[in-house]
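Join the two chains into one complex using the hints; note that each chain is given alone, in its own frame.
Protein chains in written order, with our numbering: chain A, 255 to 455; chain B, 827 to 1383.
Treat the hints with care, since some could be wrong.
Stated by the list, open to error - The calculated SDA-like cross-link candidates involving lysine to any residue, where the alpha carbons are at most 20 Å apart (straight line), are: (1) B/Lys1229 - B/Leu1356; (2) A/Lys368 - B/Lys1229; (3) A/Lys368 - B/Glu1135; (4) B/Lys1101 - B/Phe1320; (5) A/Lys368 - B/Ser1130; (6) B/Lys1101 - B/Val1364; (7) B/Lys1236 - B/Gly1138; (8) A/Lys368 - B/Gly1129; (9) A/Lys368 - B/Thr1132; (10) A/Lys368 - B/Gly1138; (11) A/Lys368 - B/Gly1139; (12) B/Lys1236 - B/Gly1129; (13) B/Lys1229 - B/Gly1129; (14) B/Lys1236 - B/Gly1216.
Calculated from the structure, these hints are not laboratory results.
All values derive from a computational prediction rather than experimental measurement.
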Amino acid sequence: MASSRGFARPYWVALRFMIAATVVLGIAYPLAVFGVGQLVAPAQANGSLIEVDGETVGSALIGQSFTDAEGAALPEWFQSRPSAAGDGYDAAASSGSNHGPENPDLIAAIEQRKAAIAEADGVDPASIPMDALTASASGLDPHISPEYARLQVARVAGARGLDPSEVAALVERFVQPADLGYLGEPTVNVLQLNIALARLD
Amino acid sequence: MEIWLAVAQFATLALILAIVYRPLGDYLALTFTSGRHLRVERGLYRVVGVAPDSEQTWGAYLRGVLAFSFVGVVILYAIQRLQAVLPMSLGIPAIPEGLSFNNAISFVTNTNWQSYSPDVTMGYAVQMAGLAVQNFVSAAVGIAVAVALIRGLARRSTGTLGNFWVDLTRATVRILLPLSFLAAIALVIGGVVQNFAGFTDVTTLTGGTQSIPGGPVASQEAIKELGTNGGGFFNANSAHPFENPSGWTNLFQMVLMLAIPFSLPRTFGAMVGDKRQGYAVLAAMATIFVVSLAAVTTFELIGSGTAPEAAGGSFEGREQRFGISFSALFAGATTLTSTGAVDSMHDSYTALGGMIPMINMMLGEIAPGGVGSGLYGMLVLAVITVFIAGLLVGRTPEYLGKKIGPREIKLASLYILTTPTLVLVGTALSFAIPAIRADLESTSIWNPGLHGFSEVLYAFTSASNNNGSAFAGLTANTPWLNAALGVCMLLGRFLPMVFVLALAGSFAAQGRIPATAGTLPTHRPQFVGLLVGVTVIVVALTYFPVLALGPLAEGLA
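Chain B with its partners taken away, still in its complex shape (with noise of 0.2 Å):
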């Protein structure tokens, strides 16, 4: 009975996002294709000083996304630490100098990372001006990025991949602003709340008192998902009813941080000029995005586990209207892409159900990812999958008729190693110096022996990864975690850019060779079957022991 409510549950989303697919791929094709710009983008790029029709070298367009950012970050923590000064602070004072350059990273970087309470921690000044404009303009980057990668792909012997400047704002301006200003007048119908009201103290049935929040939140919420940020208004994110109040918004804040990503090969097919190339990756992150939820579903649903049988089932931070299964399929969601967003405490999980989040986040979220770092890891994936392909039957190596030779490799590979080598040297480093691991051990550390392993675990892989979900028993406000996430965050964002966009160069020098006999065709299930196999083999080697270590041996214990 259970199975075929998280069926239809599923079913009713995958619809919807099938349904999605062509239109808003084609649109973000046309976005970032048209020759035309709107008067209002001229108006801005008046007002920045950018000329709109000149082209960048992927030098050049680096340098705007790493100015861009560090520009952000540094605004964002003046915010913070001005907040006392800001109107609508709800008289919160400054936030300290640790946490106030975590959380600029973790906005900066699409991570979404919380050490704090937002609750308690945040006025409305912080909130709206400062996180909610780096939800919509992170998102932007992203999308930016991915877009130069497939000019990079579509384009012949050229020096220059587009304008960052022109794709940023297009992004902005004809994505994700109106796409989140219909969205959240959607979610305030829906109950999310939106004013400026500040707590209203009630007094409660029995005559106690409540201190009922307000906020900005729906205008937050939407963006939040549909550029797959994921840090909430409030501390228990789309768990708190004022964020998420019921079965539809539910099922509405998935579609909204899916929509984009699974639609993003939709625009990689249109602007290479070959729609099949599209599904082929598409169907790559959604066997991913598949096998992925069926078995955290499963996992919750069997609810193994002493808390968990001792109560009936895996309920332990589950909301009533969500339920079991409509909560996995959340959880899934949110760490297949890069949002991090909740719906349930993960830390609450059965031990192999809380394993599967992790395993999403550690695949490099590619099925189908944050907004545009998924198909930009997707396609790094590809390009290693061709070679190893090339390698076992001897094959020319080629992508789109693109050659992948050393320096391709190259950057491919160290893409590939980079999350990984920060998720791994950050737990190691957190246990093996006895000053840190002391301090987490008495600080950090919320749940006793493995789970407490696996709590340091899911937070170097949830910010090397920029997802920004957590299994937030632990407490990560300590000078060490502020300032290693920080790092893990900062590096796992900004490296893999760097050598996307190298890559995207070096593609776009080459001309095209012509497909002949010997090439390995990238539109057909046996390329899209070898795609999936190197995600996963690539992934289950780095990941199996630290697993092992904590998930894996408190599930099997």
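Chain A on its own, in the form it takes in the complex (with noise of 0.2 Å):
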């Protein structure tokens, strides 16, 4: 067969095939997911956009920061994880750490968040959950643990003049447990809890 011969033949025929790979795998199919995913899941396909009096205020899957500009934590809302995207929550940078164990540079930062929390909440410090302390993967980790989210109750209430029983009955209504109870941990998403928590005033 002359298809199997010839010192050049191969590349030719691997030069054509890959223009036609890149037709349909790079533009057709990636069009076509676009279609269909707009059809069948819009909300979901541009972002899962959360919308507040018509305003769009960010996504419920890429969390925020609730600092002043200076990166101070602001009593009044509920707090995301540390994050090491950009100066912080920056979308457009995604990132972890990436320190490791001993890093002096993570000690250091675990023991200065645990100091803070504990002196802005008034918990004893052994008492602070780890994701509290710990940055994540991504740097733009949208959710806390219910035990952090409820650890903060005192401070929001008290910040906002509300009364705690009714910030910690929001808390509850926005714990989310994992999927099918056991696939990952049990989350509460801040920017949505922190939405509710503005129409509580």
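In structure tokens, the structure reads:
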């Protein structure tokens, strides 16, 4: 067979194959997924964006920081986890810290976060859950643990002059169990919780 | 409590894979034995100029593999260099030469090592028309080579192994494309984005601004896992909520990366006409799989080390929705295959927990391994095992009626030696050449002390075994690492393929020796045990010293 002989022949076949593959797999396939996605699940396909009073305030899947311009935690909002994405929750620069288990910077950061939370929330440092002390893998983790949310109730209620039991009840409404109860961990979506919190005022 | 959570998560994954094993394995076998061509395939053969019913010798088959991959590297390099003039590039300039070189090799070799942060380096055109295309076809090449080796074992006294272009086409058209399409739609429903909106600037609740990215993510995510590629659309890979939004998508992504590699033993059994042989290979893969996953999960749940103990658990670089054990499971699955996607940052794992992904790759990614490459890696080890068992008990070394002669054992040995040589020489040179070492220490290495050594060892292990995961603190976008890791990926992919296809050719040329009382049965638990033992011992002897310099020293300090 001529097709299996000649030095240049397979390169010529390969080139034409790659062009066909680029058209089908590189252009038609993602467009088809786009088309079907916009039909069956447009909200998700477009980023699970959340609107408040007609303004887009973020995505249900992308965490935000609730700090002032200098990066100091605002006591009237539930706080997200520490973030290593840019200056914190930079959605255009997802990243973890990549600090190893013996990295002195990480060890210092954990102790510093522990002290800050213990002071701000008036809790025993040993009671602070690990998600509050560690940066997430993406730097965009939209969730905190239910324990960390509950820990923040008294501070948030105090800062807003709300009844703590009302804020605590709100937190419980936003506790999301893991899929099927065991595929992962229970979560609280911080942005959604804070939007509901703002409506309590 | 945590341990039962881990067991339940693992059991669910194992159950789904067990259900998929027979239908998918049989479908794969049918795909590569059927005499019929689909109409769309006939059209493609006409366009590219292939006579689909012509058979190729192992040499012609190999020339097809190499020509196709070479052209793939050139095209992918060109697309990246032309990014500035391509549509939908989000205003991002052309990718520099060294990085384009590394990337092109990385995606063509099914490694998907990423020396860059895609969020700020790649527009949609390069991701879709460049990277995602190689996600498909590099996976198809791996499957094709595995199928060629199976044919070599199944056929008698023939000079040919099938037709590379037909195998490549069928793997893409009949398997990867339809499954990816369905998986991508499922992922969109789960929250993975698929749009061309660019960045959406929003004003956050506190009055700050946030640029929320878009992109054709779901279409790329599906084949990223299914083809055991692993290159993320975003820097954070499968930890990014837009790539992997929830617990069930995390499970689904693990199923996608494991389904084809774990079903290929069935395909093997079906094509050689003895399903028990497939079960034996599967059993060896599953044994290593279970032990490895148990190890990484245990180390991470114990959470040794100063930082994990201060925080109350090994949670740095973990997402809340996944937690520790589900992340550990993913870390195991991604390095036991050649995927290299991550849903947590391996660099932040405990010293011993982070060593397990390294060992998984050092094993040659054979439990179950990459699509195709896992099976052919395991079959090469089976050849070695038969040979060693023959020496030990004085039996004739033969596998499936094929004699393991000097030529066969030489090829298998060369296969086994390739990646350890690349890993150890690459790591050693990095530290032995003063100028390079100085550059590594000032620019590349992120974590101080022993962990910094582990970052470099991990990088060479990942590149040479075509995994693509990383201790990602390492800055790999430097002239030395782009070049050295590029060479490791290239040789780590194609030298083994040369040996595998040569082996397939020499098996195919043989007749079939009838089994006698002196033949070692290769479908019994005894053989499975030997195969696992040989695999582990070969790796342990090769890598123990270098592991002792990095993760072992850090973990036992």
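These are the hints, each one checked on the structure:
For the suggested pair B/Lys1229 and B/Leu1356, the alpha carbons sit about 19 Å apart, so the restraint of at most 20 Å is met. Between A/Lys368 and B/Lys1229 the CA atoms are separated by roughly 65 Å; this puts the pair beyond 20 Å, and the hint is violated. Our distance criterion of 20 Å between C-alpha atoms is met by A/Lys368 and B/Glu1135, whose separation comes to about 13 Å. Proximity of B/Lys1101 to B/Phe1320 is assessed by CA-CA distance (about 29 Å); at most 20 Å being required, the pair is judged violated.
Only pairs whose Cα atoms come within 20 Å are accepted, and A/Lys368 paired with B/Ser1130 is accepted, the gap being roughly 19 Å. For the hint linking B/Lys1101 to B/Val1364, the alpha-carbon distance of about 27 Å lies beyond 20 Å, and the restraint is violated. At roughly 51 Å between alpha-carbon atoms, B/Lys1236 and B/Gly1138 are farther apart than 20 Å, so this suggested pair is violated. This hinted pair checks out: A/Lys368 and B/Gly1129 have alpha carbons roughly 18 Å apart, not beyond 20 Å.
Of the supplied pair hints, the one linking A/Lys368 and B/Thr1132 holds, its CA atoms being roughly 15 Å apart against a limit of 20 Å. Distance check on the hinted pair: A/Lys368 and B/Gly1138 sit about 11 Å apart at the alpha-carbon level, within 20 Å; holds. Between A/Lys368 and B/Gly1139 the CA atoms are separated by roughly 14 Å; this keeps the pair inside 20 Å, and the hint holds. Taking the CA atoms of B/Lys1236 and B/Gly1129, the gap is near 44 Å; set against the 20 Å cutoff, the hint is violated.
With a CA separation close to 49 Å, the supplied pair B/Lys1229 and B/Gly1129 exceeds the 20 Å bound. For the given pair, B/Lys1236 sits about 16 Å from B/Gly1216 by alpha-carbon distance, which is consistent with the 20 Å threshold.
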